[in-house]
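A.B. asks: The lines below spell out each chain.
Number of protein chains: 4
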Amino acid sequence: MTPESAKAALRDQTIELPSWAFGNSGTRFKVFGQPGVPRDPYEKLADAAQVHRYTGIAPRVSLHIPWDLVDDFSDLSRHAADLGVTIGMINSNVFQDDDYMLGSLCHPDAAVRRKAVDHHKQCVDVMRATGSAHLKVWLADGLNYPGQDSIRARQDRLAESLAEIYAALDEDQRMVLEYKFFEPAFYSTDVPDWGTSLLHCMALGDRADVVLDTGHHAPGTNIEFIVAQLLRQGRLGAFDFNSRFYADDDLMVGAADPFQLFRIMHEIVQAGALAPDSGVNFMLDQCHNIEPKIPGQIRSVMNVQEATAKALLVDADALAAAQRAGDVLGAHGVLMDAYNTDTRPLLAELREEQGLDPDPMSAYAASGYAEKIAAERIGGAQAGWGA
Amino acid sequence: MTPESAKAALRDQTIELPSWAFGNSGTRFKVFGQPGVPRDPYEKLADAAQVHRYTGIAPRVSLHIPWDLVDDFSDLSRHAADLGVTIGMINSNVFQDDDYMLGSLCHPDAAVRRKAVDHHKQCVDVMRATGSAHLKVWLADGLNYPGQDSIRARQDRLAESLAEIYAALDEDQRMVLEYKFFEPAFYSTDVPDWGTSLLHCMALGDRADVVLDTGHHAPGTNIEFIVAQLLRQGRLGAFDFNSRFYADDDLMVGAADPFQLFRIMHEIVQAGALAPDSGVNFMLDQCHNIEPKIPGQIRSVMNVQEATAKALLVDADALAAAQRAGDVLGAHGVLMDAYNTDTRPLLAELREEQGLDPDPMSAYAASGYAEKIAAERIGGAQAGWGA
Amino acid sequence: MTPESAKAALRDQTIELPSWAFGNSGTRFKVFGQPGVPRDPYEKLADAAQVHRYTGIAPRVSLHIPWDLVDDFSDLSRHAADLGVTIGMINSNVFQDDDYMLGSLCHPDAAVRRKAVDHHKQCVDVMRATGSAHLKVWLADGLNYPGQDSIRARQDRLAESLAEIYAALDEDQRMVLEYKFFEPAFYSTDVPDWGTSLLHCMALGDRADVVLDTGHHAPGTNIEFIVAQLLRQGRLGAFDFNSRFYADDDLMVGAADPFQLFRIMHEIVQAGALAPDSGVNFMLDQCHNIEPKIPGQIRSVMNVQEATAKALLVDADALAAAQRAGDVLGAHGVLMDAYNTDTRPLLAELREEQGLDPDPMSAYAASGYAEKIAAERIGGAQAGWGA
Amino acid sequence: MTPESAKAALRDQTIELPSWAFGNSGTRFKVFGQPGVPRDPYEKLADAAQVHRYTGIAPRVSLHIPWDLVDDFSDLSRHAADLGVTIGMINSNVFQDDDYMLGSLCHPDAAVRRKAVDHHKQCVDVMRATGSAHLKVWLADGLNYPGQDSIRARQDRLAESLAEIYAALDEDQRMVLEYKFFEPAFYSTDVPDWGTSLLHCMALGDRADVVLDTGHHAPGTNIEFIVAQLLRQGRLGAFDFNSRFYADDDLMVGAADPFQLFRIMHEIVQAGALAPDSGVNFMLDQCHNIEPKIPGQIRSVMNVQEATAKALLVDADALAAAQRAGDVLGAHGVLMDAYNTDTRPLLAELREEQGLDPDPMSAYAASGYAEKIAAERIGGAQAGWGA
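Chains as they are written, first to last, in the working numbering: chain A, 31 to 417; chain B, 31 to 417; chain C, 31 to 417; chain D, 31 to 417.
Treat the hints as calculated values from the structure; they're not laboratory data. It is possible that part of the hints are untrue.
Since the list can't tell identical chains apart, any single copy or any two copies may satisfy a pair.
DSBU-like cross-link-like pairs, simulated, lysine-lysine; straight-line CA separation at most 35 Å [said to hold, decoys possible]:
hint	residue 1	residue 2
1	K60	K37
2	K151	K37
3	K151	K402
4	K402	K145
5	K145	K37
6	K145	K60
Nothing here was measured: the structure is a model prediction, and the numbers come from that model.
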């Protein structure tokens, strides 16, 4: 693709931000607070809007319920609109109530499953109130010890619970189901892989898709293969972008293995799934445990953009020709040529054309926003993962 | 289950042996030969029959084509019958011809795919000639370098190739499709996980099932979860049993993680899938690189038996009660009680009831067979993986 | 070894308990509280003493500073003695103060390193006050992002900080240094492996040894090899026993891979390192996130005992003979014979000889202690990992 | 560093090539032959010289004994000199003789150890005959089954065997000892990690260093940490460069994770270890199973060069300042700025200054050498890993 065509495609790209990335996060060992962290969903949206302001491609914000519960979601939506962003996916949370110690939708006790299903129905209400089109389901359900519960029975309960939630969706609403290799369950996880997620989605119906979190796989897993496979099935609903060296480290996307991110975006571009109407939601899901959160998000958005630009620059014709010819080094070389290209100048140019500062990191740093929120947000409880 | 019920179930259990386990095998660094190794399929069957003779539960032998090509398969079948065994699954081999360097059923060149499909049709002919009911497909197809070929296009080619092979099967024949995480492809494998295998089987029809090789997963993968999931879908066609510490090490099953083998058999027993009519073929697929092959197979068969016996001894009622009650340690304890039981005495008793020696390893060692084949099998080329 | 000799060796075995196993623990997603959890170090010791009461082999309790800070450590030691236990190792904690966000002994800022060194000197004071002989150092130091700090410079700072701490020890005190593959740092950890820990210990002097936590390794790592290697160097100071399927899961030791635990104890027994004067401290370090804590500890202690008993039952002469002869299956078989033995009857017998109940789990359950502490420990803040 | 300084440093860089990369290689499943593959060490050197001819930085070739045994090593050295290259390290091979099935330097049988030690002495003779300064030792020694041999005793035998070999070296000769996580041993490897290799080197004396093969680690291992640690100990003797997604895949260096290669080279540059007199030998060790071998080597050399150039371009002052200030994103950003730079133009410029073609891949392709050797090298046995 020519640089001009690449820029055109980049102009249409959007990335969704998670509200919780702006709150505090950490490990089981310690959550370190940071100055200026939001105290409520309104402030989270304000911070997210900063990311959009400097990058121009982050116009939506995912909410997490109950972390982002407010009295009046219409008011929150208006607040978002005033800031130039909209509410994106609604994420349920059935892992922090004491009742969920042994699971939620898969729990052996029907009363706990009922409670967890009802929470999801509450999330659907939030979707209606905010105009959100997607219910995002990630479950912490699983087992720590062999024998603790029946792996098979939990699948049956999961199917039943999901069916009831799916039935509660309006016709124009969709469900996306995330899988995760492990954590917080340490022996068996109830939705551990893309295969399990896909089977449940297929059983539910056409409006259920898989969420691929780039940190939720076994060591060595070829993620771009899964991307290709889910696209082939028409069931890739969303990404949760982040990066990892070890487990679900939730580092900034592109920070651990930028070549992998490029390969993922290459599959996207090859399948024509970058287009706004592709049905794939490109979302971040990260923890800025030690780095400042707004710049962490800006940097992440830029990393995705740079990888996308490289993927767009792949000479698709030359690649296909070399592949057909069985020219291993030639085909690999075509791909690497694009990867080795420095796409930062192209993106700087694109931003200037869009009236943005070519360097979002510096522009944000110079804006004084970080100092302003640190000075103003005194008192109150900083937002975090706490229920 | 009571010990008596357990023995009844164990009496019905059968394990299929791979003909190639009796030939030489090794690593890319070296294949060490052993004295007495078979020179042809007839001798492989003779050795396999020894395993059945001393364990009583290994009445079938898988063949690998072209390694086990003979002029007259009816004659080979009669030879098997004379030895007290039958021909089991027919395994295709599309990874050793020079044409397959860049793949077989997924190869970019239609002529190579044609050749690979035709090889499978030849295997179906062998099935007809031997009365084998199952075509087992494992593919080495994959990529070593990003960009080398299109991941997505290869899936499409795979689907097309498999469909033609499936169509060539008789109504009473089935296909089983194996997946593998990696090796010999080192970047992307075309059937890398159970999800991919299952999707292709579902696309093919009711007579296609998944093969689970216990050594073909990413580090840390919970294999018993996959067993439970495939049983739930009614698509677990066969096991390739072996064990591993690192990659596809192909060590004797039960040698690396006997507790995992027990957990796998627990899922089998819980689902009632041990019964002969369950449709699950319990097969060994191993490499005895440094240990003698016949005793290696006997030991492996015994390991599966011991794990099965433990799984049968699980107090299912107590387990279910503890699981329902959310009693984590209690439920885990019920499972561990069975695992910690020494089932060797029970199996010795069972063998004596069946007229077998209670100690198959010693009985074989005392039989003089090893010495006999070492003395007799002089000259000729020892069988191995070589094409 | 004969069962009688094994029992003699088992009589001398001791296992140290961590005070923090009795407090609440969890994941970054949620810490679930449990009824009856201790509110202070005194209550932790009381619970630990229950484990010793029913197993007879857990007479020491490790403390974690500042979690276990009390005004009068002499009083705490007397309290321990009254309960029939003693204070074991003193564990430092330099990962929960806000100053330690970017490290402690390796921090780029000398003032933070000073603070962290001084904390360790305070721990040495606690050692003097409690009669503890060992300072146990585990550091959360590391990096989340490439480039964040200099890997090499951090090693230099670490060496300098450790030297100052080591110099503060009395002649009869020792330091043990733990390593960990990852977490909470997700890119680079400053003491990630046994090699790094050992190099620092060697640089410090004769009174510094390595701590091997069984959950702190890369996937697939052969832990018994490291045990053998550290014993060969005379530098295995202590174990932190727990088990894992994925990362540092901190499950009950023996719950995930009992065969691995047996292999570890086999190396210990072979090297004569089970003896009380071996210098190896066998300690538990676990998180009972969802199971009750006292029974979780009892079960863990029993798991170590059962594995030890199996290791003691290995026929060392037969094993050595088969190894010398290059008899792969024979040597493996000798080891497996011991592993496959059910050692629970032997241990029940041993307990009865020691005046203990043969079934510690049931005896504790019948004691009413769990109900008593649940009823009595009302009010106050439950202990946990929080600073 | 400025581009000019970077070019100066790049001018001094050298990379050693393995003779065996030009012969056939493959997996245990199949070795695919290629047209024009060398039939003897003379032809291997000729091919290696092509890599040097087009890149200008590959002036040395490692030999593997006995694969590269010739009658007259002086003649082979002259042949090398005529081609513009020299003989580099001498690699021993004690894994392909039938006697080595259960090990070599660690074998339980003293006679086998004697044979293996003597082979190394033969290699020292080759060093004298060729002027090679380094004996490179990689051992396939290890175990496939728990109990097969004593882990501890094998360490003792290894130490003794290495000491005898070390004693046979001349004063101006050095030994380098490689470690490997697993393969071909699948349970326990006798030199599995850098710690083990380093301990043996330290026991031997000042002229023994560690070899780091980038494909020889557990999943997730931070290799640049090990590089930094070995440099800090003054014991990094050599790299075996290659890349991997899964195990010891031996793909072209830089093909799987170019960012990791950059991080490794960053540690090298930071420590001043790129300089010719640093004592670190940068060597390739790869298998071109499906791609043509000479272009595969050229591409690999270029990948190392590009990563080195990026590492040289890191703004060391800005990096150190940000690290000192605890500016996580700033420090990471400085590193990423260098990584994101396209260094191909700089290297093209450098090559032109050196009188080389700016595009080595195209220049080689245009040279007709590949067609020439394919046409000429008819008859004879193609070189490979075979003993």
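A.B. asks: Decide, hint by hint, whether the structure agrees.
C.D. replies: Verification of the hints:
For a Cα distance limit of 35 Å, the shortest separation of K60 from K37 qualifies neither inside one copy, at 42 Å, nor across copies, at 44 Å. Taking CA atoms no more than 35 Å apart as the test, K151 paired with K37 passes in neither setting, with 41 Å inside one copy and 50 Å between copies. For a Cα distance limit of 35 Å, the shortest separation of K151 from K402 qualifies neither inside one copy, at 38 Å, nor across copies, at 40 Å. For the homomeric pair K402 and K145, the shortest alpha-carbon distance between copies (31 Å) is at most 35 Å, but the shortest distance inside one copy (41 Å) is not.
Taking identical chains as interchangeable, the C-alpha atoms of K145 and K37 are never at most 35 Å apart, the minima being 48 Å within one chain and 44 Å between chains. Proximity of K145 to K60 under the C-alpha cut-off of 35 Å is found in both arrangements, the shortest distances being 30 Å within a copy and 18 Å between copies.
The earlier numbered hints that this structure contradicts are 1, 2, 3 and 5.
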